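Colleague: Chain by chain, the residues:
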Amino acid sequence: MNVNDYLIVATIIFCIGALGVLIRKNLITIFLSLELMFNAANLGFVAVSEYLNLISGDIFVIFIMVVAAAEAAILLGIAIAFYREKGTINIDDANELKF
Amino acid sequence: MEALFYIFSIIAIVSALMVILVKSPLTSALYIILCFFALAGFYILLNMQFLAAMQIMVYAGAIAVIIVLVIMLLNLAKIKGAIKDFHQIAISIIAIGLFTLEVILYLNAAGEKKPTGIYTNTVINKIGNTQIIGEFLFTKYVFPFEVASILLLVAVIGAYIFAKK
Chain F
167 MNVNDYLIVA TIIFCIGALG VLIRKNLITI FLSLELMFNA ANLGFVAVSE YLNLISGDIF
227 VIFIMVVAAA EAAILLGIAI AFYREKGTIN IDDANELKF
Chain W
181 MEALFYIFSI IAIVSALMVI LVKSPLTSAL YIILCFFALA GFYILLNMQF LAAMQIMVYA
241 GAIAVIIVLV IMLLNLAKIK GAIKDFHQIA ISIIAIGLFT LEVILYLNAA GEKKPTGIYT
301 NTVINKIGNT QIIGEFLFTK YVFPFEVASI LLLVAVIGAY IFAKK
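Chains F and W are the protein sequences, given in the same order. Under this note's numbering, the first residue of the first sequence carries the number 167, and numbering increases by one thereafter. Under this note's numbering, the first residue of the second sequence carries the number 181, and numbering increases by one thereafter.
Simulated from the structure, these hints should not be mistaken for laboratory data. There may be inaccurate statements among the hints.
BS3-like mimics (lysine-lysine), calculated; alpha carbons at most 30 Å apart, straight line [as the list claims (entries may be wrong)]:
id, chain 1, residue 1, chain 2, residue 2
1, F, Lys191, W, Lys344
2, W, Lys320, W, Lys294
3, W, Lys320, W, Lys306
4, F, Lys252, W, Lys306
5, F, Lys191, W, Lys294
6, W, Lys293, W, Lys320
7, F, Lys252, W, Lys344
For clarity, every value in this text was computed on a predicted model and none was experimentally measured.
One chain only, chain W, in its complex shape (with noise of 0.2 Å):
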């Protein structure tokens, strides 16, 4: 369990870096898959099968699809100076890894809390994993749903609305 930890954050880490250092957006897109299948070895370790299903589904699945397919469409070959100058990157690497810092410290100074829920993961196993995420979603959090099932509609027509010419 700890080698996967650390083989899948390293793997993630890496191609979430790549992402934003690649000059092509293709190789971008294909980094970020990467990266996704490593966030979905995340949730398996998290005993979460269900939800790295949906990541490996939706996000490398969907979104990434569209991502490829419009990178396809769009004829990318003449942007040039896909990077900022280097003031803005000297000032953005500085406040973000301050950022970044000031976080893990926080995390490290943070004390310890007692789990609170019944779930443990002999409960989820038991019951499983599947049953008890359309349990809670369809009795205690059913109202988000539905709102969730309107904003996917409205973003149908929102996005039908700008591609049209």
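With the rest of the complex left out, here is chain F (with noise of 0.2 Å):
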């Protein structure tokens, strides 16, 4: 395959997790759309480090998983943080610092 057609994936699927953070509420679901471009970019990361015959992109892949990680146990506890406070997690309720 070439290797066009596998970032033309990584594109469609980065594209899918943008529209997901731009037109959802619900935070879970917000950062499951993270989630979904961060994957996006491993993607192309692998397809363009394997068309150029380098090992550095999949490094770099080795690493955006444990930025992946650090971020889901980060925004997790900030969502449950959040459900104390307000007993939801509709992101339109979190105003506090609106003037």
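Two chains, each in its own frame: build the complex with the hints.
Modeller: See the structure below:
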């Protein structure tokens, strides 16, 4: 398969993730859309790294997985704290800093 | 190979669409696990079996389980209006659709680039997939590796402080 086909699939998945961040209100679903964007970037790295006969892209994917795991822990901690405070995880209720 | 690529891409794109379209967060989490498995199939097609195993273990194993656990802890039944109003959705869809179109046009217009590295598929298969990643991770990329461990420590402490009452 051509590298362009992999990159087009990665682009479509990335844009679906970005659309999910824009149109959803639920904090958990926004987090899932962020994970979709991470995974699309990973697919692009692996495809280009295989096309150029390099290993660096594959190593980078491992570091992106580390960052995604750290982000999952932090964001779900925020979700639990927010739910304790408000009783909901609708992001429209996160307006404490609004003037 | 070609047929497998199309099967994996259809599964990945349809499950990614379902993640952002279904109402229940738990169903979204199950669809994203399906999407992770399809992406692991892509990594196997790209001759990176170690990354496919990591994808299934870290994403489908660890992260998805944490998400499902948090959904279990929170009572999400009373969230109303999970999607924003029509005007915002229309603008978002047009903007994102334009972006997709532009990137695909750019990819089709981009010129050929000659492969620069020495790690072709035969070389990787001769040395061994896991071994070559391990060698790179502990020699050339050892400093980012240590920084990643510190990042994980900070994330653990941060999650504890956030979730503590």
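Colleague: Each hint needs a verdict: does it hold in this structure or not?
Modeller: How the hints compare with the structure:
1. Lys191(F) <-> Lys344(W): holds, 25 Å
2. Lys320(W) <-> Lys294(W): holds, 24 Å
3. Lys320(W) <-> Lys306(W): With a Cα-Cα distance of about 21 Å, the restraint between Lys320(W) and Lys306(W) holds, given a limit of 30 Å.
4. Lys252(F) <-> Lys306(W): Distance of about 57 Å is beyond 30 Å: violated.
5. Lys191(F) <-> Lys294(W): Between Lys191(F) and Lys294(W) the Cα gap is close to 45 Å, so the pair fails against 30 Å, i.e. violated.
6. Lys293(W) <-> Lys320(W): Status holds; Cα separation ~25 Å.
7. Lys252(F) <-> Lys344(W): holds, 16 Å
Comparing the model with each earlier hint shows violations of hints 4, 5; every other hint is respected.
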